[in-house]
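Mind docking these for me? Both chains are given alone in their own frames, and the hints should help you get the complex.
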Amino acid sequence: MFWLKARSMQGSTIKYIGTALVLVTVAFTGTSLKISRQHPGVLSADTLSHPAQFGFGRVATAAEIAALDIDVRPDGKGLPKGEGSATEGRAIYGLKCAGCHGATGTEGPNDRLVAGDTTRARRIRAIGNYWPYATTVFDYIRRAMPFNQPGSLTDQEVYSLTAFLLHANGLLAENAKLNAKTLPQIKMPARDKFVPDDRVDGPEIR
Amino acid sequence: MQQRDDQDKSITGGRISRRNLLAGAAAASVVLVQTASGKAFQAALTASERGPEDPTKVPGVPPGTLGTRSPFEKLAKIYSDTSSRTPLQDLQGMITPSDLHYERHHGGVPAIDPAKHELVIHGMVDKPMVFTLADLKRFPSVSRIAFLECSGNYRGANDGKIRPQEICGLTSQSEWTGVKLSTLFREVGVNPKASWFLAEGGDAAVMTRSVPVHKGWDDAIIAYGQNGEAIRPEQGYPIRLFLPGWEGNANVKWLRRIELSDAPFMTREETSKYTEAVGGGKIRQFSFTMDARSVITFPSYPARVEKGWIEIRGIAWSGRGKVARVEVSTDAGKTWQHAALQEPVLDKAIAAFRYLWNWDGNPTEIMSRTVDETGYVQPFLKQLMAARGGNMGYHFNPVTAWYLQKDGQVLFKAT
Numbered sequence: 001m002f003w004l005k006a007r008s009m010q011g012s013t014i015k016y017i018g019t020a021l022v023l024v025t026v027a028f029t030g031t032s033l034k035i036s037r038q039h040p041g042v043l044s045a046d047t048l049s050h051p052a053q054f055g056f057g058r059v060a061t062a063a064e065i066a067a068l069d070i071d072v073r074p075d076g077k078g079l080p081k082g083e084g085s086a087t088e089g090r091a092i093y094g095l096k097c098a099g100c101h102g103a104t105g106t107e108g109p110n111d112r113l114v115a116g117d118t119t120r121a122r123r124i125r126a127i128g129n130y131w132p133y134a135t136t137v138f139d140y141i142r143r144a145m146p147f148n149q150p151g152s153l154t155d156q157e158v159y160s161l162t163a164f165l166l167h168a169n170g171l172l173a174e175n176a177k178l179n180a181k182t183l184p185q186i187k188m189p190a191r192d193k194f195v196p197d198d199r200v201d202g203p204e205i206r
Numbered sequence: 001m002q003q004r005d006d007q008d009k010s011i012t013g014g015r016i017s018r019r020n021l022l023a024g025a026a027a028a029s030v031v032l033v034q035t036a037s038g039k040a041f042q043a044a045l046t047a048s049e050r051g052p053e054d055p056t057k058v059p060g061v062p063p064g065t066l067g068t069r070s071p072f073e074k075l076a077k078i079y080s081d082t083s084s085r086t087p088l089q090d091l092q093g094m095i096t097p098s099d100l101h102y103e104r105h106h107g108g109v110p111a112i113d114p115a116k117h118e119l120v121i122h123g124m125v126d127k128p129m130v131f132t133l134a135d136l137k138r139f140p141s142v143s144r145i146a147f148l149e150c151s152g153n154y155r156g157a158n159d160g161k162i163r164p165q166e167i168c169g170l171t172s173q174s175e176w177t178g179v180k181l182s183t184l185f186r187e188v189g190v191n192p193k194a195s196w197f198l199a200e201g202g203d204a205a206v207m208t209r210s211v212p213v214h215k216g217w218d219d220a221i222i223a224y225g226q227n228g229e230a231i232r233p234e235q236g237y238p239i240r241l242f243l244p245g246w247e248g249n250a251n252v253k254w255l256r257r258i259e260l261s262d263a264p265f266m267t268r269e270e271t272s273k274y275t276e277a278v279g280g281g282k283i284r285q286f287s288f289t290m291d292a293r294s295v296i297t298f299p300s301y302p303a304r305v306e307k308g309w310i311e312i313r314g315i316a317w318s319g320r321g322k323v324a325r326v327e328v329s330t331d332a333g334k335t336w337q338h339a340a341l342q343e344p345v346l347d348k349a350i351a352a353f354r355y356l357w358n359w360d361g362n363p364t365e366i367m368s369r370t371v372d373e374t375g376y377v378q379p380f381l382k383q384l385m386a387a388r389g390g391n392m393g394y395h396f397n398p399v400t401a402w403y404l405q406k407d408g409q410v411l412f413k414a415t
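Sequences listed follow chains Y and G, in order.
Each residue of the first sequence is one higher than the one before, counting from 1 in the working numbering.
Each residue of the second sequence is one higher than the one before, counting from 1 in the working numbering.
For the record, the hints were derived by calculation from the structure and aren't laboratory data.
Hints should not be assumed to be uniformly reliable.
A few chain G positions that, by computed beta-carbon distances, are all more than 12 Å from chain Y [to be verified]:
(1) 64
(2) 158
(3) 352
(4) 362
(5) 409
Below, in silico cross-link-like pairs of lysine to aspartate or glutamate (DMTMM-like), each with a Cα-Cα straight-line distance of 25 Å or less [stated by the list, open to error]:
(6) 193/Y x 262/G
(7) 187/Y x 88/Y
(8) 127/G x 64/Y
(9) 193/Y x 111/Y
(10) 96/Y x 269/G
(11) 181/Y x 88/Y
(12) 382/G x 204/Y
(13) 181/Y x 262/G
(14) 81/Y x 157/Y
(15) 282/G x 192/Y
(16) 177/Y x 83/Y
(17) 96/Y x 174/Y
(18) 273/G x 197/Y
(19) 273/G x 234/G
(20) 215/G x 69/Y
(21) 193/G x 197/Y
(22) 273/G x 117/Y
(23) 187/Y x 111/Y
(24) 334/G x 204/Y
(25) 273/G x 201/Y
(26) 215/G x 204/Y
(27) 77/Y x 269/G
(28) 322/G x 197/Y
(29) 127/G x 69/Y
All C-beta atoms, glycine included, are put in the ideal place defined by N, C-alpha and C.
The following block holds chain G by itself, in its conformation from the complex (with noise of 0.2 Å):
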């Protein structure tokens, strides 16, 4: 069913204006729309959006001040109070849109004029300072394509009407523009005998972790620029730390002040949160490095497939380097093959991968695991857990499984 919008009645009454225009005299068009929970909905285009029935009879849209997505596209992220997630099974290709990149904060997204926001770092150095943004752009700049994730990043389903995005949507992938930490570490001059910094963010949780300096002196940014602009306000405008490949909590956003320290602060986020039962009573802390992960999208639930040929599609990522290799297995981990990585593999970022696959109609599993540059095999759930004590929780990456129904349905399986 359609509904008549404004525009409609101002073509009624005569009136001309660009909108009319491009409105025309469409057909009742509808756009499937996939909601969160997976159920189908008819989704009313406006005249407007749906266009001219012939595009090649109407004078188009002028140009604008900024560009938009096809009203024909509903990308959208999946939230709750206090995340929101990346719509995997939706996107093409390495890089996630910045609007689309996924939210984690503990005090909502904070409003921050950048010309008021300045970056201290203090503690265990020789010349405690105040950079503002634009001090921080002065510096040499670096950028560098890298995933971010959530270390809670694993769900399943027992009934499989689960999606990429609910499974592990709290990962995406960003280039990066900053300065490098350790250009400023060099600028106060850093204690040699400091260990730890505190990063502490600019929210109303005044967020703080605990990092080791020497990610500092290795990899970490300043980051001010995501994808071509300045960070987004739910990425950390206008600056936050990035360290690659470590969990994304750590990489602490509308950042506002360093302290070098020889010890770590045990903030709230790196004792009650953020750390996991690992069996025998133990729970692990300051587990920073992601481990390899890859999940097909495609085909993924809610898809329904037919039999013939099939372009299996996912993404793979590592927090310890490159993607070595995928590999895709078709018939429930039996065996396995490799998949064809897309270039550029590049170190501790989501590489985009595919198989093609003549499927013979008959149910099965289709799976991928990554194994990275230091070896490290992505692992079965059930490998997982035991390794870990029975328990799940944070840092969680197992293979996951499509069980492709003989009606060509496609269903989340755990491994």
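The shape of chain Y in the complex, shown without the other chains (with noise of 0.2 Å):
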């Protein structure tokens, strides 16, 4: 005879079949079974000897991440060499993003990119009132636009579109250069409006 004993599990249920198959279901928790196993040689669940390393997968190269490493940081991190202007950035607006997003940024259909008068109309979340971060232009741009041709762009054309965007909401002056060094320097209006989710378990409504 054995037994096991299966401890700190929900809807777990054990079955003996004889004495030699022993079924141990575990459905409904994420949690590590934890077995207490009484005799030795029988066939149980895992993990008593979980091992710190499997050895499984293989060391990534350099090379490997660099080709997947696109992300920007605020504080600049992951920015990458080139430069751009509104007045360059204004022509390929006209070309790959008035389509979706109207020739003043204002005008949609798809996402609003220009705050303009945000007196006259509730909920604007443009650019240059709502997003906190104008390195997140640059990143999103990079990964993400042209929606028909998300990545087609150079660097120096994200660079280029990020600054007339910018330009376009107040926040970048015509012929500024934008580049690695100058565009996490930008404080956005929104930056101070951020605050990290408050809520608590318990009976609180936030």
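And the structure:
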């Protein structure tokens, strides 16, 4: 005879078929199954002897990482070389962006990019009045835009478009050069509006 | 009106096939189908779909490679350009059939060859690594049933003509199978100073979210299975990040890269989207946890009910833990009774509830609210708006009421 003792388990069933086959079904919890095995040599569930590492997978090369690592942080980490200006960005915008975002970035039909007069319309969430970091504009355009040709723009084009959109929102001079040094320095009007989640477990409604 | 189809013609042509065997000499049958807008129309079934008049007199269909849904069942998601909604009012139990799981994506559903798909984990780690799908499946696996919900999941309608699917159909539940992220964290040796990680998808939006590292150590899963098979393409095939109880968008699909960092990346989806105004000019960010919620799925619009016994049915869930109880009111919130919860009631999972009620036929409002194991009580819409400076938006989980008219018509009512 042998027995298995299951602890800290919800919705688990242990079935015995003779003394040879033990089926342990843990269908409903993500917690690791803890089995105290009273008798050696009995087939059990895992994971008493979880190794520190399994050795599966392989080490990523620096080139592999560089090919994928396109993210840009607010401190500018990840911004590439190159630069652009609103003057250059205006032409690209007219060609590749205005169809979805409108001639001046306010008309749609897709997301409004330029805040414009925010006193007249409610719920405008454009770059100039809602986006807390300028680096996000660069990161997002580079990874996802234009919608029908994502990832098709050069870094210089992305700098130029970012410059144009910041200029259209009144946050950058028309001829200013935008690059890895100047972009993170732009303070966005909405920066201080953002607060971290303050909801907690319990009865309070927030 | 029934259309004659090819199968019928094949019968008249005297050709024998499995299909016209099935078709038999069926009488015209008509199924009422509800459209997205709630309109009923008569859907024509083909002769083979109708089946024989007496199924006991004709051999049935032999086994096949895949099962099918009965042609009499017309389950469907409602979709827009960017999302599709689960028909909550048409489902039973706690599991959402995989083909009816809600969808929300930002650059369409990518076509990914699993043999070519890899997950790279790098940044603040001892050893940056690449894992193929086969590698991931070699690690110890885990399964859990848990809900997934888009944080932008509330709609109302002034005329009351709105179904649960439209109100909050961006909620679904599956059994998810995969490898714990903590297992992979140990494999790469996460730097103790790392506090956030970036999760990046391999879709056309190359969508990214920043997630606190503690969630990775706690209960995050790199999931490759959904309800017993590989994850559906719409849900992230071949792998997705699954964060139990946390807003859908952070559960990055088609996951291709994780970068450990000491700060959030402030991606578009965690700044200009998935953030909510909470009054005082403030905008709340990184609101990951889904608050407790419930909805009565029967009776609900567009149902008509008769006086007498009605089993009120619905679903309840909380991103903070288990549903402790569900309370039902049949008098517009004046008094509340405990509903029966269908076992098993699981952590961060949808639980089905029911409450047997004898309706006297007088107009009234019925509603449900979830109380979770942390003591959170699902609020009324007015409470929620008051707590957020009059704003609505993401993470909006109000009590949903149904108004029963004297004629039995059921209509949505905001609370």
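Structure-based check of all given hints:
With a cut of 12 Å on Cβ distances, residue 64/G stays outside the contact zone with chain Y, its closest approach being about 28 Å. Every Cβ of chain Y is farther than 12 Å from the Cβ of residue 158/G; the closest lies at roughly 18 Å, confirming the non-interface assignment. Consistency note on residue 352/G: stated as away from chain Y, and its beta-carbon is indeed over 12 Å from all of that chain's, at 14 Å minimum. Under the 12 Å C-beta cut-off, the non-interface status given to residue 362/G relative to chain Y holds; the minimum distance is some 31 Å.
In this structure residue 409/G is separated from chain Y by more than 12 Å, as the shortest Cβ-Cβ distance comes to about 32 Å. Between residue 193/Y and residue 262/G the CA atoms are separated by roughly 22 Å; this keeps the pair inside 25 Å, and the hint holds. In summary, the hint linking residue 187/Y to residue 88/Y is supported, as the alpha carbons are separated by about 22 Å, within the 25 Å threshold. This hinted pair checks out: residue 127/G and residue 64/Y have alpha carbons roughly 14 Å apart, not beyond 25 Å.
Of the pairs offered as hints, the one joining residue 193/Y and residue 111/Y holds, with about 21 Å between alpha carbons and a cut-off of 25 Å not exceeded. At roughly 22 Å between alpha-carbon atoms, residue 96/Y and residue 269/G fall within 25 Å of each other, so this suggested pair holds. About 19 Å separates the Cα atoms of residue 181/Y and residue 88/Y, which keeps this hinted pair within 25 Å; it holds. Between residue 382/G and residue 204/Y, the direct Cα distance comes to roughly 15 Å. Compliance with the 25 Å bound is thereby established for this hinted pair.
Of the supplied pair hints, the one linking residue 181/Y and residue 262/G holds, its CA atoms being roughly 21 Å apart against a limit of 25 Å. Taken as a hint, the residue 81/Y and residue 157/Y pair is honoured in the structure, with Cα atoms around 12 Å apart against an allowance of 25 Å. At most 25 Å may separate the alpha-carbon atoms for a hinted pair to count; residue 282/G and residue 192/Y meet this at roughly 8 Å. The straight-line distance between the Cα atoms of residue 177/Y and residue 83/Y is roughly 6 Å, inside the 25 Å bound, and the hint therefore holds.
Distance restraint check for residue 96/Y and residue 174/Y: the Cα-Cα separation of roughly 19 Å lies within the 25 Å cut-off, and the hinted pair is therefore satisfied. This hinted pair checks out: residue 273/G and residue 197/Y have alpha carbons roughly 15 Å apart, not beyond 25 Å. Proposed proximity of residue 273/G and residue 234/G is supported: the alpha carbons are some 21 Å apart, at most 25 Å. Our distance criterion of 25 Å between C-alpha atoms is met by residue 215/G and residue 69/Y, whose separation comes to about 22 Å.
Straight-line distance between C-alpha atoms of residue 193/G and residue 197/Y comes to about 22 Å, which keeps the hinted pair within the 25 Å bound. Pair hint residue 273/G plus residue 117/Y holds up; C-alpha atoms about 21 Å apart against a cutoff of 25 Å. The straight-line distance between the Cα atoms of residue 187/Y and residue 111/Y is roughly 22 Å, inside the 25 Å bound, and the hint therefore holds. At most 25 Å may separate the alpha-carbon atoms for a hinted pair to count; residue 334/G and residue 204/Y meet this at roughly 21 Å.
Of the supplied pair hints, the one linking residue 273/G and residue 201/Y holds, its CA atoms being roughly 24 Å apart against a limit of 25 Å. The hinted pair formed by residue 215/G and residue 204/Y meets the criterion: a straight-line CA distance of about 23 Å does not exceed 25 Å. A hinted pair counts as satisfied when its Cα atoms are at most 25 Å apart, and residue 77/Y with residue 269/G qualifies at roughly 19 Å. A threshold of 25 Å between alpha carbons decides the hint, and for residue 322/G with residue 197/Y the separation of about 21 Å falls inside it, so the pair holds.
Between residue 127/G and residue 69/Y, the direct Cα distance comes to roughly 16 Å. Compliance with the 25 Å bound is thereby established for this hinted pair.
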